[in-house]
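Take these sequences, add in the hints, and give me the full structure.
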Amino acid sequence: ETGVTQTPRHLVMGMTNKKSLKCEQHLGHNAMYWYKQSAKKPLELMFVYNFKEQTENNSVPSRFSPECPNSSHLFLHLHTLQPEDSALYLCASSQEGGSGNTIYFGEGSWLTVV
Amino acid sequence: SQKIEQNSEALNIQEGKTATLTCNYTNYSPAYLQWYRQDPGRGPVFLLLIRENEKEKRKERLKVTFDTTLKQSLFHITASQPADSATYLCALGGNNRLAFGKGNQVVVIP
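Protein chains in written order, with my numbering: chain H, -19 to 94; chain A, -13 to 96.
Worth flagging that the hints you see were computed from the coordinates, not collected in a lab.
The reader is advised that the hints may include incorrect statements.
[Claimed, not checked] List of simulated lysine-lysine pairs, BS3-like, C-alpha gap at most 30 Å: (1) K20(H) <-> K(-11)(A); (2) K16(H) <-> K(-1)(H); (3) K21(H) <-> K41(A); (4) K49(A) <-> K2(H); (5) K41(A) <-> K(-1)(H); (6) K16(H) <-> K49(A); (7) K49(A) <-> K21(H); (8) K16(H) <-> K(-11)(A); (9) K16(H) <-> K32(H); (10) K16(H) <-> K3(A); (11) K3(A) <-> K41(A); (12) K41(A) <-> K32(H); (13) K2(H) <-> K20(H); (14) K21(H) <-> K43(A); (15) K45(A) <-> K57(A); (16) K45(A) <-> K20(H); (17) K88(A) <-> K16(H); (18) K2(H) <-> K41(A); (19) K45(A) <-> K(-1)(H); (20) K20(H) <-> K49(A); (21) K(-11)(A) <-> K(-2)(H); (22) K2(H) <-> K88(A); (23) K45(A) <-> K88(A); (24) K(-2)(H) <-> K43(A); (25) K(-1)(H) <-> K88(A); (26) K3(A) <-> K57(A); (27) K43(A) <-> K20(H); (28) K3(A) <-> K43(A); (29) K21(H) <-> K(-11)(A); (30) K3(A) <-> K2(H).
Structure below.
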């Protein structure tokens, strides 16, 4: 069982839909992340939140909108996505400020855009 | 440009043998390097961390080496088992950020 839980595990949405991915970490960490993983590509960092403040946005299109209401919860709001956005979306957390930033991942949310 | 290279071809290995994976990087000066395991449809799981001033790290049947001159890390699984079949990701760390390679699949044949 992972200390980072993501829901839903699978999501199919049309290009005009609005949906959200949810993540919760039970590890007491101060940083949370959204990563995108597509086939044959390395993990792509999308957003970083540190103490619930967004500290990084890696040129992610505005159709992806993150929200971090507190240091334990992270959302990814999805709106008017494209088929190429279909991928595995991974939430992760870590304790920043340590001497080796180990990332703890959730199981991921498989997103299919039709 | 910065690159992290892992072999794109799957490594097929007989059970009981040692599997060795390579992670090469360019234009990075990582403070540490990590290896993760990822099973199909699951999130990566942390395995080992090795710092820039360390040459070798071991954990049970796993061994990692880190050569900052060659800009390379080797990841070994000794006495491999079918349960070791997975994709293994290397990640370079520094400034509280990790950059991941694409991963290298290992298939252990019984």
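Now for the hints, and whether the structure bears them out:
1. For a cut-off of 30 Å, the pair hint linking K20(H) to K(-11)(A) stands: about 15 Å separates their Cα positions.
2. For the hint pairing K16(H) with K(-1)(H), the CA-to-CA distance comes to about 16 Å; that is within 30 Å, so the pair holds.
3. Annotation: proposed proximity of K21(H) to K41(A) holds, straight-line Cα distance about 29 Å (limit 30 Å).
4. Straight-line distance between C-alpha atoms of K49(A) and K2(H) comes to about 36 Å, which puts the hinted pair past the 30 Å bound.
5. The straight-line distance between the Cα atoms of K41(A) and K(-1)(H) is roughly 47 Å, outside the 30 Å bound, and the hint therefore fails.
6. Using a Cα cut-off of 30 Å, the hinted pair K16(H) and K49(A) holds, with the two alpha carbons roughly 28 Å apart.
7. At roughly 25 Å between alpha-carbon atoms, K49(A) and K21(H) fall within 30 Å of each other, so this suggested pair holds.
8. Using a Cα cut-off of 30 Å, the hinted pair K16(H) and K(-11)(A) holds, with the two alpha carbons roughly 18 Å apart.
9. A C-alpha spacing of about 20 Å is found between K16(H) and K32(H), which places the hinted pair at or below 30 Å, so the restraint holds.
10. Only pairs whose Cα atoms come within 30 Å are accepted, and K16(H) paired with K3(A) is rejected, the gap being roughly 34 Å.
11. The hinted pair formed by K3(A) and K41(A) meets the criterion: a straight-line CA distance of about 23 Å does not exceed 30 Å.
12. Under the criterion of a C-alpha separation no larger than 30 Å, the hint pairing K41(A) with K32(H) is inconsistent with the structure, at around 36 Å.
13. With a CA separation close to 25 Å, the supplied pair K2(H) and K20(H) stays within the 30 Å bound.
14. The hinted pair formed by K21(H) and K43(A) meets the criterion: a straight-line CA distance of about 27 Å does not exceed 30 Å.
15. Among the hinted pairs, K45(A) with K57(A) is consistent with the structure: their alpha-carbon atoms are about 22 Å apart, no more than 30 Å.
16. Pair hint K45(A) plus K20(H) holds up; C-alpha atoms about 28 Å apart against a cutoff of 30 Å.
17. This hinted pair checks out: K88(A) and K16(H) have alpha carbons roughly 12 Å apart, not beyond 30 Å.
18. About 40 Å separates the Cα atoms of K2(H) and K41(A), which puts this hinted pair outside 30 Å; it is violated.
19. For the given pair, K45(A) sits about 41 Å from K(-1)(H) by alpha-carbon distance, which is inconsistent with the 30 Å threshold.
20. For the given pair, K20(H) sits about 26 Å from K49(A) by alpha-carbon distance, which is consistent with the 30 Å threshold.
21. Proposed proximity of K(-11)(A) and K(-2)(H) is contradicted: the alpha carbons are some 35 Å apart, above 30 Å.
22. Distance check on the hinted pair: K2(H) and K88(A) sit about 25 Å apart at the alpha-carbon level, within 30 Å; holds.
23. Our distance criterion of 30 Å between C-alpha atoms is met by K45(A) and K88(A), whose separation comes to about 23 Å.
24. At roughly 46 Å between alpha-carbon atoms, K(-2)(H) and K43(A) are farther apart than 30 Å, so this suggested pair is violated.
25. Restraint check for K(-1)(H) and K88(A): satisfied, since their Cα atoms lie roughly 28 Å apart, inside the 30 Å limit.
26. For the given pair, K3(A) sits about 26 Å from K57(A) by alpha-carbon distance, which is consistent with the 30 Å threshold.
27. The hinted pair formed by K43(A) and K20(H) meets the criterion: a straight-line CA distance of about 28 Å does not exceed 30 Å.
28. Our distance criterion of 30 Å between C-alpha atoms is met by K3(A) and K43(A), whose separation comes to about 19 Å.
29. Distance restraint check for K21(H) and K(-11)(A): the Cα-Cα separation of roughly 12 Å lies within the 30 Å cut-off, and the hinted pair is therefore satisfied.
30. For the proposed pair K3(A) and K2(H), the alpha carbon gap of about 41 Å is over 30 Å, so the pair is violated.
Against the hints set out earlier in the document, violations occur for numbers 4, 5, 10, 12, 18, 19, 21, 24 and 30.
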